[in-house]
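Assemble chain B onto chain A, guided by the hints.
Chain by chain, the residues run as shown.
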Amino acid sequence: MTDSNNDHGHDDHGKGHAPFIAHHFDDARQQFDAGKLGIWVFLVTEILFFSGLFCAYVLYRNSNPEIFYEAHFQLDKVLGGANTIVLLFSSLTMALAVRASQLGQKSVVIVNLLITMVCASIFLGVKAVEYSHKWDEGILTRGYFAFSGTPHHAASDNMFGISDYLLILSIVPAILLVVFLAIGIIYKATNVPKKAQFFIYLSIMMAGYFLGALAGKIYMDVKPVSDHGGDSHNKVAHADEHDESHDHEDGEHPDEDHKDANAGETKDGETRGGETKDGETKDGDTDVTEPVALTEKQRRVGIFFSIYYCMTGLHAVHVIGGMIALSWLLWRSINGHWRPDYYGPVDYVGLYWHLVDLIWIYLFPLLYLIK
Amino acid sequence: MANQDHHGDHASFAHPAPLKLLVAVFVALVGLTILTVVANDWPLGSFDIWVAMLIATVKASLVALIFMHMFWDKGINIVVFGSSFLFVTLFIGLTLMDRSNYRETMDDFPISSRPAESDYVQTSTK
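From first to last, the protein sequence lines are chains A and B.
Under our numbering, the first residue of the first sequence is numbered 1, with each subsequent residue one higher.
Under our numbering, the first residue of the second sequence is numbered 1, with each subsequent residue one higher.
If you're looking for bench data, these hints aren't it; they were derived computationally from the structure.
Incorrect hints may appear among the rest.
What the hints assert, rightly or not - Computed, partial: chain B to chain A, Cβ under 7 Å:
(1) Ala14
(2) Lys20
(3) Val37
(4) Asp48
(5) Val63
(6) Gly82
(7) Ser100
What the hints assert, rightly or not - Cut-off 27 Å, straight-line C-alpha distance, at most; resulting in silico cross-link-like pairs (DSS-like, lysine-lysine):
(8) Lys74/B / Lys77/A
(9) Lys188/A / Lys106/A
(10) Lys106/A / Lys20/B
Think of the CB as a built atom: it goes at the ideal place given N, C-alpha and C, for glycine as much as any other residue.
Excised from the complex, chain B in its bound form:
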């Protein structure tokens, strides 16, 4: 919006967000926070995680678009930031697709390193 104003050193490229909009977004965010807590008690079965994630994504979008000024930002910045979500989706998605291959070792979590000690004891007694 402010992009096309003037050129040169004295151009004002600042785009102050409307005060009312910022306050309205905050009110919406608080409302959605309350909604997500309330929705936690609804009998949604295994669907509840998706409802919670949908609400969180709406909240995150509001923060990104208005508070972070993405709505008025340059295209390159939006592409750069948006690409991170693409890579996160790929990362988590591909890891989940492959999970059956390491599920058994994963279930031991950090204590699985313990048998290494007994291995050491065993070899030293030989």
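Only chain A is shown next, with the shape it has when bound in the complex:
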């Protein structure tokens, strides 16, 4: 529909031989260069956007190195490293797709775009396993941090033996997988081959999520627990024994005392960071289900995870955005739009995709490889 409109519109401008050159450009080259500068400017804004989070990371690591050290026990190098390689591979296939589009090799473009999209999806699947595993253990952001060495939320409670959080995260991919597959089959049955191919490929992309999640889940189930969780908890606990006694003392105060003390101590609290958390300790008093009351220093490990969730979450949003853009490219590739003098969109989305990879290249050592 839109394609015929485009062709028609451009025919009117007398450029039927180059159907995708907008009428305000002199030629294909000028249009390409303008678009390329545009995408580079966009990438600049993206880098500056992420730099705010990198700045937060640097500042908090600088002032709390011990928190970052403790936190790294909760991050799995193998999953992070595997995800890095998946993203690097998707970058390779993206570069190959750009190359093929420059050479006008339609089917090579389609295959490489599909692999890129599946890799993106695998990445998110592995990420979902990592996130849900952390949520199960109460490894949350600063305000909700509740990791005490024992699982906060038993993973084997439901009938699948899978984390509830992982199931919730998988709802949207599952719906999309089924919907894309159903639409693809309907188009196939009604003889609309291009749309059938497109939607079936989209469902293959969504299947990548489950591939990644399955691989991550199997890895989490078989990996030895000794290097993870328990032993780091002990370290935190030992380091903070003096803090613990302090917390208990606080807990004995009735609530009114607490408020008064707090009102008088706000300046103190700001400098020491220990006493201002009256809201937290009150919660701890009333909440009987909490197995171990966390010390202030243990809870402060949540500072790292606030930053971790912001950085990896924003990155994951970019991966999802990339998948949408790649889907658009796939549709246009199936329609055979790329030619040696018109491959700009593939190149531009490729640049964006490489930037997402580039940011992960920095995130991986900063978040997963701390000593």
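Structure of chain B alone, referenced to chain A:
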């Protein structure tokens, strides 16, 4: 490279990167990823973050130069993209220089907003 070919509508300005080069870059990137994981266990002391960042920068350069075609790109695009790193350096560098001024308030992180509630309670009882 392709810049000087022809002019006009039919000019091919595409510069397909050599296939072997793309694959070689990917292999190098995987190698460097493994290296950075292995290097994490080396006894480098506080120097390790710089080693990790150096490896990451080499990887990022490979991606930018080859995968993102910056090696063959126009100067203006390289200047635009490169300038972002200059500004990031300024941003983080200047923030770090000033960190001693807000370090104490920063350490409370999000829960520092809690005392505001008790302030409210206090004023309402007056």
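Okay, the hints, checked on the actual structure:
1. Given hint, Ala14/B at the interface with chain A, holds; its Cβ is 4 Å from that chain's nearest Cβ, closer than 7 Å.
2. The beta carbon of Lys20/B comes no nearer than 11 Å to any beta carbon in chain A, farther than 7 Å, and the hint placing it at the interface is violated.
3. With its C-beta approaching chain A no nearer than about 5 Å, Val37/B sits inside the 7 Å limit, and its interface hint holds.
4. Here the hint on Asp48/B is kept, as its CB sits about 5 Å from the closest CB of chain A, short of 7 Å.
5. Taking 7 Å as the C-beta cut-off, the interface hint given for Val63/B holds, the closest approach to chain A being about 5 Å.
6. A distance limit of 7 Å between C-beta atoms decides the matter here; for Gly82/B the minimum to chain A is near 9 Å, and the interface restraint is violated.
7. At its closest, the beta carbon of Ser100/B sits 10 Å from a beta carbon of chain A; the interface hint therefore is violated under the 7 Å criterion.
8. For a cut-off of 27 Å, the pair hint linking Lys74/B to Lys77/A is broken: about 38 Å separates their Cα positions.
9. Our distance criterion of 27 Å between C-alpha atoms is met by Lys188/A and Lys106/A, whose separation comes to about 21 Å.
10. Of the supplied pair hints, the one linking Lys106/A and Lys20/B holds, its CA atoms being roughly 20 Å apart against a limit of 27 Å.
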